[in-house]
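Chain by chain, the residues:
There are 2 protein chains.
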Amino acid sequence: MPGSKAEGAFILHNDLPWALETRRNHFGFGPITSASHLFVRNNLPAPAASLTDQGDGWSFDVVGCAREGSLTLADLKRMKNRTVATVLQCSGNGRDFFPHDPSGSQWGVGAAGCVLWTGVSVADIFEQFGGVQSGLAYLTATGGEELPEGVDKDAVVVERSVPIEKGLRDCLLVWEMNGAPLPVIHGGPVRLVVPGYFGVNNVKWVRQLAATARESGAKIQQSGYRMRPEGLAGGPEQPSMWRMPVKSWLNGPGADGAAVLAGTNTLYGVAFSGERGVDAVEVSADDGATWQQAEWVGPDLGPDAWRTFQFAIRIPVGEHRFVTRATDTQGDQQPRVAVHNHRGYGHNGWRDHGLSVRAVAELPKTEIKGSLQASESTADTVSASMAMLALSDKALEGKQLFLQQAQPGCGVCHSLADANARGVVGPNLNQLRPNLAQVESAIAQGVGAMPAYGAQLSQSELEALAAYVVEATR
Amino acid sequence: MPGSKAEGAFILHNDLPWALETRRNHFGFGPITSASHLFVRNNLPAPAASLTDQGDGWSFDVVGCAREGSLTLADLKRMKNRTVATVLQCSGNGRDFFPHDPSGSQWGVGAAGCVLWTGVSVADIFEQFGGVQSGLAYLTATGGEELPEGVDKDAVVVERSVPIEKGLRDCLLVWEMNGAPLPVIHGGPVRLVVPGYFGVNNVKWVRQLAATARESGAKIQQSGYRMRPEGLAGGPEQPSMWRMPVKSWLNGPGADGAAVLAGTNTLYGVAFSGERGVDAVEVSADDGATWQQAEWVGPDLGPDAWRTFQFAIRIPVGEHRFVTRATDTQGDQQPRVAVHNHRGYGHNGWRDHGLSVRAVAELPKTEIKGSLQASESTADTVSASMAMLALSDKALEGKQLFLQQAQPGCGVCHSLADANARGVVGPNLNQLRPNLAQVESAIAQGVGAMPAYGAQLSQSELEALAAYVVEATR
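So the sequences go chain by chain: A and B.
Those letters in the first sequence? Residues 19 to 492, per the numbering used here, in order.
Those letters in the second sequence? Residues 19 to 492, per the numbering used here, in order.
Just so you know, the hints here were simulated from the structure itself, not pulled from any lab data.
To be clear about the criterion: a stretch of chain B counts as covered by chain A if any three or more of its residues have a C-beta under 8 Å from a C-beta of chain A, and this derived list gives those stretches: (1) 56-64; (2) 270-283; (3) 323-332.
All residues carry an ideal CB built from backbone N, CA and C; glycine is no exception.
In isolation and in its complexed conformation, chain A is listed as follows:
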């Protein structure tokens, strides 16, 4: 499991390249999916670390404009930037629900997330090179994955095309995800974001951004990622996996087999429709015979994001199944059953996305884990320098005060190696290394949670204590 990913939050479908599905009960209630919980689906392994480690030096070519050239990430960061929230969803999300067992990772609901991206618009980039040449109909992005020798490039290269109007309207090259640098596993240093389109179009590790006359000749574009009848081979005449249709599902409570306490509960989930946003989402407890409208929760992050919703409901003891149905701003409503297709793409049927919930009268008692104390491990981080310190007479007087005379003793709250003090309430003085004035002020007047001791100490004692703390932490 990649180090940045939360333990226990994923179903591992594959490791080279990564295919990690967010477990349904590990989605949050809020509208953003944290990097630690976001699914991963890479078509090929990431470029070598020696390439992705270049950060701002990462470069890519720009093709199909009045002038050709290249840019680095540093160049992008000097340009006008944009931040948008989009749903990132694998074309095969929901494949596991198709009855004909299409090959590929058996994703349930968790090959999707909603992310805040920051980057530069493709239109601004093309503008820098004099604008798109006339007659070019597609935006084509090429990933930076290294291709093995002996393999036909078009068979494996990750290169995707979308209509040029789409590219110029709202596509971005991004370097930031949820406020942090875009992780390599998600396409960093630089990735294409195609708001509202399926994941495969959001090419990672972009090495070329082109305006082209035709769709890419790569297999992943020509015959891959096409909606095609079962048994038929893929081809360019079939619909490409571009815009994501309206969809919703519940993430809890009670997903992945966890029992819920019978009584009033709050169902929660997500709803979206590529480029459009959603108008409403309804919940049914009787397999769609009757529906009731759910309530939106949290901020609306825009038409390409998902919205989170909730629905308060009394759940009696027993097994239940709840389904949801979203309607987008153009009136499209989630169908009961998905469009059957060979590869198991684009599943948005409400029936199969239902949440099965087992409600019980009493939950099993929470097991209290072993009594490992956090302080046990952290106490050892006190750097106990055992070398004898040469203290001045004043400081030696202060040491006595520190150890014995202060009530309560200074070491109750502070760590100080020379005094063998390991308190963890106040600052570690070896780390803080305060100066005389700071110690005197803290003791005399208090600071933060520390009370004032000014009334209990003479000026001479105050100075002695300060001298000790300063000398003992040099």
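Starting from the known structure of chain A, arrange chain B on it as the hints suggest.
Below, chain B alone, put in the same frame as chain A:
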């Protein structure tokens, strides 16, 4: 450094308890601060792991309502939830800019972040217990930190009060931050969020939520966190660090000494005002003699969040200083100089928050790091079972095809321990463990990036290959 925090992104002010400041050049361009980049300021060390590990079993008392009682996190999750974005900012953020050297961590701009919280409203919680008793004027929350023996509780306990009207209007108990479970270091399992108020009010590890007649008697409330003239002791008659005033600053480019390339650049930063939101932010390149309005970027997450802004500007070679001044929705404008106060709290003066930028004609060449190949380390994860496999005759025939006859060889793309194949383009077959039908379908028709080989192989060869892959991965 806590494990979940991004390497290099912080200034360490203290470790027991943690005081970590986000470096100015590690803030993102977007409106949300990732958990990996969010500052940490804890008054006391976190409760023992044995307590915080309880997750949904975490419980807290509810006091001051018609009925008293307690709730667990599991109870909260059954209630109606809310998601809000708020700026979390330490009262001492900007302390380093005060000329009188107030004691405490010398925060610059980085003791702040903007976060999406999910939880339950305090009003709903109190409602569950029959509502607040009449005459109680404060919401008082108590943290779950363990207090050392021998120390006066009121001197160290983290217990804060805010007006009850504020508590009932928009305060939350939260368990989720940016879509992931609230980390312990940030107050998980359960924390109070007081939108628009300084950090100290957002009590962590909440063990008691009370409506009270008076403000808490704790030192942190009575005399701590008060705006007071230099030299004066703290007391309850002074203003408490509650609502955050209007503020803005630039985060880049060129923060923390990084040179920028002269020419057109985009300045970017954040602006906010507690409970109000911001109307405008202006930029000045001449220390406030003239101002120009900046442009908002990204979604507006609400009146308690910050907004990100940008300003395109040509920067000539040389040293420059840019300042910004925000105006909130009630007309309050950031002052030039902060209100001088003993503890160095609440700094929002625009002059000191300026960004110094050094622009150069040419940037130093990016150093290409050593040629460590990602594939070197990942290749070792192939589980190379060296035990002899008992293969059927059919599978042995398939092994020859796998190793020699296929063009290109299967191992160019796939890992398969029995064949000593270590390709990383396609799935690792030992991990995938496909069944006969899946292998046959993939070879005959292709799948994902894999081309179809159906035309090159006889049915018997296809079956042999499939038999080999299945038997070799059992």
